[in-house]
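Visitor: If you want the building blocks of each chain, they are given just below.
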Amino acid sequence: MTDTTSLDGSLDDGDLLVIARMRRALDAAAGVDAVTLELDAPSVDAAAEAAEAAGLASRPRRTAGTTGPVLVLAPPTSADVRPAHGTRRPRPVAWLGVAAACTALVGGASWALSQRQPAETATAPDPGVAAPVATEAVPPASVLFAPTPSVAPGDEPWFSLASANLVPGRTARPGTVANPADDLVFQTWRVEGREQSGFLFASISADRSADTPIDRGARELTSVTDGRAWLLPSVDLDGQPLALAYDVFWARGDGGLWAFRSQGLSEGLVESLVSTALPGSGLPIVLPTPSAGSPTVDVVAVGTASTRVTAQAYTGVDGGSVDLTVTDGGAAPTALIGAQTVEAVDIAGTSGWLARYADGHVEVVWDAGRGWWGLLGISPGLADNATGIVAAVMANDGSSLPARPAAPPADAEYRLIAAVTDDARGIAAIVPEGTHLQTRVGLSGFSWDAVDDEQIDYGVTRGGPYEMVVRWDGYSFDLVEVLSVVDTNDAGRPTDETAPSCPDVPALDQLLNEQLPELDSFALGIISYGFDLTDGDCSRLQLHAYLDTPELEQALAPYADRLTIDYALTPMAA
Amino acid sequence: MKGITLVGGASTVRSTPEPVPTFEDFYASHRTHAVRWAVALVGDRAIAEELAQEALVSVANRFHTLDSPVAYLRRCVVNRCASWHRSDARERRRIRLATAGDATTYEPETREMLDALDVLPYKQRVAVTLRYWSDWSDDQIAEALDCAPATVRVLLHRGLATLKLEILR
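Protein chains in written order, with the numbering used here: chain A, 11 to 584; chain B, 3 to 171.
Hints in this document: simulated from the structure, not taken from any laboratory.
Some clues are possibly wrong.
Using C-beta positions, here's what the derived DEER-type ranges look like [stated by the list, open to error]:
#	chain 1	residue 1	chain 2	residue 2	range
1	B	Asp137	A	Arg380	50 to 58 Å
2	A	Thr471	B	Pro151	39 to 47 Å
3	B	His66	A	Asp519	32 to 40 Å
Here's a subset of chain B near chain A, in silico, CB distances under 7 Å, partners left out [unchecked claim]:
#	residue
4	Met115
5	Leu116
6	Tyr134
Computed from a predicted model, the values in this text were never measured in an experiment.
Glycine residues also receive a C-beta, built at the ideal position from the N, C-alpha and C atoms.
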């Protein structure tokens, strides 16, 4: 093809065609087919209002379709980020993402409605509905417990998959995987009855949102007295109804939000279970004690989204792929959402559930103990061998566990400069300070009473950066003392400003994409790495680590000429 | 007249002081834009929302010290997305999906174009998508990329040529 694109800015027909297709593709990727994102002032205003209602920590996402219940929010996560090997295994239902989208569920509905019919929600409020609640940084009373803390790193189990037909790939162990915006709490129940068995999943959000009536095919549960709740059939990402799956969205009277999804349960049973749910004190949600003859209801899992994950990919010698994953948090059982069938299986010496999905792939979920969960994803091409693959999963005896972080002395104190954030998951330090290569590390012992510069925006309190004295157990910080507030006005320019300015350097690309990822970041105490070009040096990568240790020094020695290493913790003088 | 040097040497000039908005106002009026920009650069709404959110947090952390929060946000979004392309964020995202996530299926034509955009060198992608989908000016793109506007026009020229080769062949 002749290149006719002009440097003077004029566009030929080929350019215009490509641009038109690009705009359509990006519109689709942005979800503007479902949620208007055109940049005219009214829609921007509406989106802005909705975003404000949803809160900074919430992330409203596109609706699954332009028709039907607007509450069915489906996140368009990309297939590109699925494992590159083997057959792609798109999961049919993105309920976790749906739940994330519904951190302010009714707010999300309000948002979607406002995009589609702004006049309706803006000018014709239901007289029977309370006025919108202002966004505040106050968690609703329905969240009465602290989110389950992550388990200690030393407790992490691991499994191996011994099969001659599966080639083990790389084991990935990112230190922290939860996004700071993921402030949801999850609860899963197993429902067992003579007539029907299945699961009930719930996500609990602390976000306040506007109370907006929801119709659009949803049926309001009149038996609910605290707030308003709607029940509607679940659909997949393509808007197709799922068999025996229902969503219930409950806008609590205190401004909180409960989002339920069922699997394998009838509409009537879902309604009877959900409509009488109560906020608990030890559990986020308590379901009523079943009467004689009704299905038994047992809590399977409670907790926040995963914060740590170890995953190993396997490739089938004849194609297909298997992902073996161990993760903390209480959201793991939500992998069962959208399954066509779920059956009990024995795996790694314990009990689990094997779920089969419409696209042919299989997920196995099991409680690995001590707050950890195992997940086994099997691509459609290997699904027929799922039973054999499950049988090949073995719990390790400890000799081949992934490396542990080298725990520093328990009483050692370090100087740390970090901003502090406080959201639904608790208080955390943001390290390293002043760079885009940041992550969130739990910080105990910190009190906002000790400082006076905190700000509260959309439910998230943050302050600092502070110069602090902390202890570190290899996983989280324990505050000893806040020394001072660091004046960021004198801290120079932000460091995340010039990353794209560097040309591609093959040696650095190899280091960034191949060599450093091979290291066990968690064990070595590596926080992050990337281009950090405040001094315009494109010849090196910046690596942030917690501490200068011999193990880290040894691991990074081969790359010393291409790395600038920064340590978040400085040992205090004895 | 006050000249303010932004990071990387780009500068903006204000002739008159403007009312200083709150971050809440800024967030409400710019979040949608930030997400849209990030969608253009990573091709995925969910990832874009995360990156946009991170960029907005960066703005929040320095909001009252910035003379042009919008320009800063533009640059943060561009740089966050660059980091995502370069760093292990893809892997982290994959791991998250391995535990709880899902994949999106697009229409073949959409998938083809998103794949074609992935082929573009990052700067060309920034120039083409933000110019022709997000309506950034050459100067705004140049500021975000820390290059000259003339360079942006070269990037547009090359980027469109590459896209045509990928799509129309």
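Visitor: Now look at each hint and say whether the structure bears it out.
Guide: Hint check:
1. B/Asp137 - A/Arg380: 50 to 58 Å: Roughly 53 Å apart at Cβ, these two residues keep to the hinted range, so it holds.
2. A/Thr471 - B/Pro151: 39 to 47 Å: Between A/Thr471 and B/Pro151, where Cβ atoms are some 41 Å apart, the hint holds.
3. B/His66 - A/Asp519: 32 to 40 Å: Given range 32 to 40 Å: holds, Cβ gap about 37 Å.
4. Met115: Where the cut-off is 7 Å and the nearest Cβ of chain A is about 3 Å from B/Met115, the hint holds.
5. Leu116: Cβ of B/Leu116 sits 6 Å from chain A, so the hint holds.
6. Tyr134: Since chain A brings a Cβ to about 5 Å from B/Tyr134, closer than 7 Å, the hint holds.
Going through the hint list in order, the structure satisfies each hint without exception.
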